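Asks: Note that the protein sequences, when read in sequence, are chains E and Y. In terms of our numbering, the first sequence has 276 at position 14, counting the first letter as 1, and numbering is strictly consecutive. In terms of our numbering, the second sequence has 117 at position 39, counting the first letter as 1, and numbering is strictly consecutive.
Here are the simulated lysine to aspartate or glutamate pairs, EDC-like style, with alpha carbons at most 16 Å apart:
id, chain 1, residue 1, chain 2, residue 2
1, Y, K127, E, D364
2, E, K279, E, E345
3, E, K340, E, D319
4, E, K273, E, E345
5, E, K340, E, E282
6, Y, K127, E, E365
Keep in mind that the hints were calculated from the coordinates and are not lab data. This structure is a prediction, so every number in the text was calculated from the model and none was measured.
One-letter residues, chain by chain:
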Amino acid sequence: GAGVSQTPSNKVTEKGKYVELRCDPISGHTALYWYRQSLGQGPEFLIYFQGTGAADDSGLPNDRFFAVRPEGSVSTLKIQRTERGDSAVYLCASSLTAGTGDEQYFGPGTRLTVT
Amino acid sequence: AQSVTQPDIHITVSEGASLELRCNYSYGATPYLFWYVQSPGQGLQLLLKYFSGDTLVQGIKGFEAEFKRSQSSFNLRKPSVHWSDAAEYFCAVVLWPNDYKLSFGAGTTVTVRA
Numbered sequence: 263g264a265g266v267s268q269t270p271s272n273k274v275t276e277k278g279k280y281v282e283l284r285c286d287p288i289s290g291h292t293a294l295y296w297y298r299q300s301l302g303q304g305p306e307f308l309i310y311f312q313g314t315g316a317a318d319d320s321g322l323p324n325d326r327f328f329a330v331r332p333e334g335s336v337s338t339l340k341i342q343r344t345e346r347g348d349s350a351v352y353l354c355a356s357s358l359t360a361g362t363g364d365e366q367y368f369g370p371g372t373r374l375t376v377t
Numbered sequence: 079a080q081s082v083t084q085p086d087i088h089i090t091v092s093e094g095a096s097l098e099l100r101c102n103y104s105y106g107a108t109p110y111l112f113w114y115v116q117s118p119g120q121g122l123q124l125l126l127k128y129f130s131g132d133t134l135v136q137g138i139k140g141f142e143a144e145f146k147r148s149q150s151s152f153n154l155r156k157p158s159v160h161w162s163d164a165a166e167y168f169c170a171v172v173l174w175p176n177d178y179k180l181s182f183g184a185g186t187t188v189t190v191r192a
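So here's chain E without its partners, still in its complex pose (with noise of 0.2 Å):
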């Protein structure tokens, strides 16, 4: 079956400019969770929801990011005043529900680059 999608594959914005990153989840999966990955570093967690609701937004790094998944399924991410620190690969993933030893599956990301 289809895995995660995410689009664009690559996006190049420049500074101060708004960007929206989109991602198709597996059907049927409740979770979602998007993660940034900065070149040579691990993916790190940005958000998480369940369902329709953002249940822990606790890694966006500060008020110009914004998360939504309006019908439970797709979700975008919504960056404000792109700056160029947001430069990195923006991952998003998947999972059946948010329990214990529910695999996460991963989009290909979306890299973004802010000149």
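Got chain E sorted already, so can you dock chain Y onto it with the hints?
Replies: Chain Y in isolation, oriented as in the chain E frame:
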């Protein structure tokens, strides 16, 4: 502080040789442990996981890992490396049921030479 440490940033290995990647964790309780592989342009793929039981776990692509509680380690091994194993490898933990997010090490890049 809670952390996952991968001491080796980069490892170069000859094709056919054995490979061992190190992972240490620092948590109050034993977390659930994972190894992921990331090839260029690809998403993270789960190689194997340890939840409980037998401390030697087998994964995909011929990989195995051994959990050692006394050393807080979960090292990944492969007896004979193939050129297609060149990739970045991440060790990760989850603190179920109190938490659900993966915490990753910084990764080890593996280069395979002919």
